[in-house]
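Undergrad: Next come the chains, spelled out residue by residue.
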Amino acid sequence: MRLIEDPELDRFRAECRDWLEDHVPKGPRPPEGLALREYDLAWQRTQYEGGWAGVSWPEEYGGRGLSVLEQLIWHEEYARAGAPPSASMFVALSHAGPTIIVQGSDEQKTKYLPAILKGDENWCQGFSEPGAGSDLASLKTRGVVDGDCLVVTGTKIWTSYAEGANRQELLVRTNPEEPRHRGLTWIVCDMDLPGIDIRPITAMSGVTHFAQVFYDEVRIPLTNVVGEINKGWAIAMTTLGFERGTGTIAHQIELANGVERLIEAARETTDPATNRTLIADDAVAAKLAGLRAEVMALRSLTIASVSRGMREEVPGAEGNIPALYFGELTRRVNGAALEIFGCSALVRDGEHNWPLHYLESFKWAIGGGTSEIRRNVIGERVLDLPRGPRAI
Amino acid sequence: MSRDMIIDLHPTDEQQMIADSIGGMLADLLPVDRLREESGHGGARERAMWSDIAELGIFGMGVPEADGGAGYGLPEEVIAARELGRVLASPSLLAQIAAVHLAEGEDRTALIAGETRAAFAAPGLGGDLFLYDGEGAGWIVLLDSGASLHRTDAFEWADAHAMDETLGISRTSPSPAPVTRHAIADQISLLISAALSGLAQSATDLAVDYAKQREQFGQPIGSFQAIKHSLADMRVRADAADSQARVAAVSFGLGGNDTSEVAAARWLAGNAAIKNAKASIQVHGGMGFTAECDAHLFLKRAHLLAGLGSSRRAEERRLIA
Ligand SMILES: Cc1cc2nc3c(=O)[nH]c(=O)nc-3n(C[C@H](O)[C@H](O)[C@H](O)COP(=O)(O)OP(=O)(O)OC[C@H]3O[C@@H](n4cnc5c(N)ncnc54)[C@H](O)[C@@H]3O)c2cc1C
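Chains A and B, in that order, give the protein sequences. Residue 214 in the numbering used here sits at position 214 of the first sequence, with consecutive numbering throughout. Residue 58 in the numbering used here sits at position 58 of the second sequence, with consecutive numbering throughout.
One chain only, chain A, in its complex shape:
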C-alpha cells in the first residue's frame, strides 16, 4: 500500500499522452458493420506506425512489451484521450494472438501475428454454439480429419464482428467418443473459405455486431491446428498472462465518465413538477452518490487487481471479482438514466442516446462469462466452496 513515484513513469505518461493527442481519430466512429471494421483496422495501423501496437505483447513478437505499470498508464491515457475501444480487434489482440504466442508453432506465429499488429487482419472467436454457451465443453460442431484437412460442419453463434473478419479461432469436436472437453480441437479458420455462411444477428439495441456462422463441410488445412488434434480445450483455456488486470481499465474509466455525465445532466435539468434541478431531489442525489461510490470501488478493485498482476505471472480466479462488479454496475449505471430522466430518456435522438447505452449495457453481464458463472467461480476457486454439478 504505497504511492509509486517514478520519474521514468511520468515521462512515459507524457509520451503516451502526446502521441494519443496527436493520433486518436477525431471523426465519428461508425456504429457497426464493415465500416466499423475498416475504422478499427485503420486505427490499429496508426498505432502500429507509432510503435503502439500490441502494448502487452512481448517485444520478440513485435509487441511493445510494456510492464504492468506502463500498461496501466497507457490504458488510462487511452481512455482519457477518448480513443476507440478495441472492439473488432479485441479477439486478435487480447485472445487469439496471445494464444498463438503461447501455444502456436513458429510458422503460425510468423503467419498470423504481424498481420494483427499491422492492422491487416482482424479475428473473431467461434466458441459458443446454440447448445453450448456457459457449458462450452458440450459443443457439437464437428471436425473430421480427411487427408491434410479438417472438415468442419456445424454452427457457431454470438460470434462478434464475424462479418468481414479475416480469421477465426475455432473450437470443434474432433473425437465424439471422448466426453466433453476431451476430443476438442482449436484451429484457425479463414473466414473466406467455401462453405462458410455468416448471418448477422441484430441485438436488442438495434446494433448488429455479432452473427451466427454456419459451416458446411468447410475444409481447413491441418497446418492450421494450434497444439494437437483433440487437445484443443487446453489451448482454449490457456492462461494468458500478458495483461494481468490492465485490460479492463479503459472500460472502468469510461463507466466512471458515464456517472459524471449523469450527474452533470441531473444538475442541468429542471424538474417541471418542482421547478428545481433534478439533483436537488434527495432521492436522485442519493442514487447518483451511491453510483459514484461504486465506480470508485470499481477503480479501486481494478488497482488491487493490477497490484496483484505486478506479482503474479498468471492471473488467478480473483480476476472474476472486478469483472463481476463491472458487469453488474454497468447495468445499474446505464439503467439509472431511465429512472432519473423518465420519458425524456426514452428517445434515441437526444444528446446522450440513453436508450442505446442502456440496452447495450446488458451484454457485460452475459458475454465473456455470465454473472452467475462468475459467482460460481468466485465461490469455488476463491472461497474454496464445494463444487456444484457443473462438470468443468
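It is worth saying that the hints were derived from the structure and are not from the lab. Keep in mind it's a predicted model, so treat the numbers as computed, not measured. Don't be surprised by glycine CBs; every beta carbon is placed ideally from N, CA and C. Check before you lean on any hint, since a few could be wrong.
[Stated by the list, open to error] Rough simulated footprint, nothing fancy, chain A against chain B, three-plus residues with beta-carbon under 8 Å:
1. 11 to 19
2. 207 to 221
3. 252 to 264
[What the hints assert, rightly or not] Okay, the calculated beta carbon distance ranges per label pair:
4. B/219 / A/67: 21 to 27 Å
5. B/179 / A/346: 43 to 49 Å
6. A/271 / B/13: 52 to 58 Å
7. B/219 / A/197: 42 to 48 Å
8. A/207 / B/317: 36 to 42 Å
9. A/3 / B/313: 30 to 36 Å
10. B/33 / A/272: 56 to 62 Å
11. B/52 / A/283: 46 to 52 Å
12. A/120 / B/313: 54 to 60 Å
[Stated by the list, open to error] With a straight-line cut-off of 30 Å between C-alpha atoms, the simulated DSSO-like cross-links for lysine-lysine are:
13. A/111 / A/231
14. B/300 / B/212
15. A/231 / A/109
16. A/26 / A/231
17. B/300 / A/287
18. A/363 / A/287
19. B/275 / A/363
20. A/287 / B/212
21. B/212 / B/278
22. B/275 / A/287
23. B/275 / B/300
24. A/140 / A/287
Given chain A, work out where chain B with the ligand should sit, using these hints.
TA: Structure of chain B with the ligand alone, referenced to chain A:
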C-alpha cells in the same frame, strides 16, 4: 486520488508484518466468542487488555517517532483498524487512535501509552448525544460534522440500552454545536470504514466456514448455488470496501478529493458490513437467528459502526457535494 497517481495496493513487507502481528495478537486477546459470555459487558476484555494493546503500538501508529509514536502513516492505521474490525473490537480502540490525533502534549503521550482512555460519542436526533463503551474513559472523541476532543466529565451521562448489548452505551443532552469538518474527521471516518471492511470480511469468513461444514440433502450447503452466490457477493462487497479504504488511505493529503474518497469508503464499507452480516445470518439458517450463534454480533456491530457520527445520507451528501 488524483489523476496521474499510481498506487500499489499490495502491502509492503513491513505493512504485512504489522497486519500479521496485530491480527495474530488480536485473535488471541480478543476472540469474537468473548462477546458471547460477556453480553452487556463487551469492551470489558478490551479494557482489561488496554495496556497490552497499547504495547502493540496501535495507538501511536500514525504519530512521528519524535513524539512517542511508531512513525507510520494513515495506510498503517487503516491496516490496524481493519484488524480491529475483524475481531469486533470495541470502537473505543479506534477512538483512542483518533484521540491521539486530536490531543496535544502530555495528554497525547498518556493516550499513546494507554494510561488514559478515550471513547466515541456521536449525536443522534433531537439533541441526544450518545457515548459508546465509555466506561473509565477520560476523553470523548465527538463525531458530528467534524471531530473534537472533550473531557467525558464535561457531560452528565445516563445509561441507555443499545441494540448491540455487547457494548455499554450512555446518553446525554443537549449535544454541543457541531464543529467544522477538517481533515482529521475524514481520517477518523476512514478508520471506521476500515474497521467496517474488516467486519465485512470476517462475516464472510464465518459464513463460508459454516457453508462448508453444514450438510443438508446429503451435501454441504455451500454446494447450493443460492448459498454459493450469496457468499460470492459477500466476498465482492468486502473486497470493494477494502480496496477503496486502501486507495483513500494511500492517496490521502496528496491533492485528490479526500472527502469524496473517504465518503465513498465509508458508504461502501457500511453497505458491505450490514449486507454481509445479514447474509451471514441467512446462511446460518435457524442457528443464525439465535443469540448463541456469533452471526448477530456482526450485524449489531455493523449497524453501530456504520452510524457512528455518520449515516448513509450524510455520506451521500458528501459524495455529491
Ligand atoms: C455481446 C456478446 C458478444 C459475444 N461474443 C462472443 C464471441 O465473439 N464468440 C463466442 O464464442 N461467444 C460470444 N458470446 C457468447 C457468450 O460467451 C455466451 O452468451 C455466454 O457464455 C453465455 O452462454 P449462453 O448465451 O448460451 O447462455 P446460457 O449458458 O444458456 O445461460 C442462460 C442463463 O443460465 C445461467 N446459467 C448457465 N449455466 C449456469 C450454471 N452452471 N450456474 C448458474 N447459472 C447458469 C446463465 O448465467 C444465464 O443466466 C457473446 C455474447 C454476447 C452477449
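Undergrad: Each hint needs a verdict: does it hold in this structure or not?
TA: Evaluation of the provided hints:
Counting residues of the region 11 to 19 of chain B whose CB lies closer than 8 Å to any CB of chain A gives 3, so the stated coverage by that chain holds, three being the minimum. Given as covered by chain A, the region 207 to 221 of chain B passes the check, having 5 residues with a CB less than 8 Å from a CB of that chain where 3 are the minimum. Note: the region 252 to 264 of chain B has 5 residues with beta-carbon separation from chain A under 8 Å; the three-residue rule is met and the coverage holds. For residue 219 of chain B and residue 67 of chain A, the Cβ-Cβ distance of about 45 Å falls outside the hinted range of 21 to 27 Å, so the restraint is violated.
About 47 Å separates the C-beta atoms of residue 179 of chain B and residue 346 of chain A, a value consistent with the hinted range of 43 to 49 Å. Checked against the hint of 52 to 58 Å, the pair residue 271 of chain A and residue 13 of chain B passes, with Cβ atoms roughly 55 Å apart. Taking 42 to 48 Å as the suggested C-beta distance range, the pair residue 219 of chain B and residue 197 of chain A conforms, at roughly 46 Å. Between residue 207 of chain A and residue 317 of chain B the C-beta distance comes to about 38 Å, which sits within the given range of 36 to 42 Å.
Roughly 32 Å separates the CB atoms of residue 3 of chain A and residue 313 of chain B, a value that falls within the hinted 30 to 36 Å. Our hint of 56 to 62 Å for residue 33 of chain B and residue 272 of chain A holds, since their Cβ atoms are close to 58 Å apart. Range check, residue 52 of chain B to residue 283 of chain A: about 48 Å between beta-carbon atoms, so the 46 to 52 Å window is met. The hinted window of 54 to 60 Å between residue 120 of chain A and residue 313 of chain B holds, with their beta carbons roughly 56 Å apart.
For the proposed pair residue 111 of chain A and residue 231 of chain A, the alpha carbon gap of about 22 Å is at most 30 Å, so the pair holds. Note on residue 300 of chain B and residue 212 of chain B: the hinted pairing holds, with a Cα-Cα distance of about 24 Å set against a maximum of 30 Å. Restraint check for residue 231 of chain A and residue 109 of chain A: the C-alpha separation of about 19 Å stays at or below 30 Å, so the hint holds. Taking the CA atoms of residue 26 of chain A and residue 231 of chain A, the gap is near 45 Å; set against the 30 Å cutoff, the hint is violated.
Pair hint residue 300 of chain B plus residue 287 of chain A holds up; C-alpha atoms about 25 Å apart against a cutoff of 30 Å. Proposed proximity of residue 363 of chain A and residue 287 of chain A is supported: the alpha carbons are some 23 Å apart, at most 30 Å. A distance of roughly 27 Å separates the Cα atoms of residue 275 of chain B and residue 363 of chain A; the hinted pair therefore holds under the 30 Å criterion. In summary, the hint linking residue 287 of chain A to residue 212 of chain B is not supported, as the alpha carbons are separated by about 36 Å, beyond the 30 Å threshold.
A distance of roughly 18 Å separates the Cα atoms of residue 212 of chain B and residue 278 of chain B; the hinted pair therefore holds under the 30 Å criterion. Of the supplied pair hints, the one linking residue 275 of chain B and residue 287 of chain A holds, its CA atoms being roughly 18 Å apart against a limit of 30 Å. For the hint pairing residue 275 of chain B with residue 300 of chain B, the CA-to-CA distance comes to about 12 Å; that is within 30 Å, so the pair holds. The hinted pair formed by residue 140 of chain A and residue 287 of chain A fails the criterion: a straight-line CA distance of about 46 Å is larger than 30 Å.
In summary, the structure is inconsistent with hints 4, 16, 20, 24 from the numbered list given earlier, while agreeing with the others.
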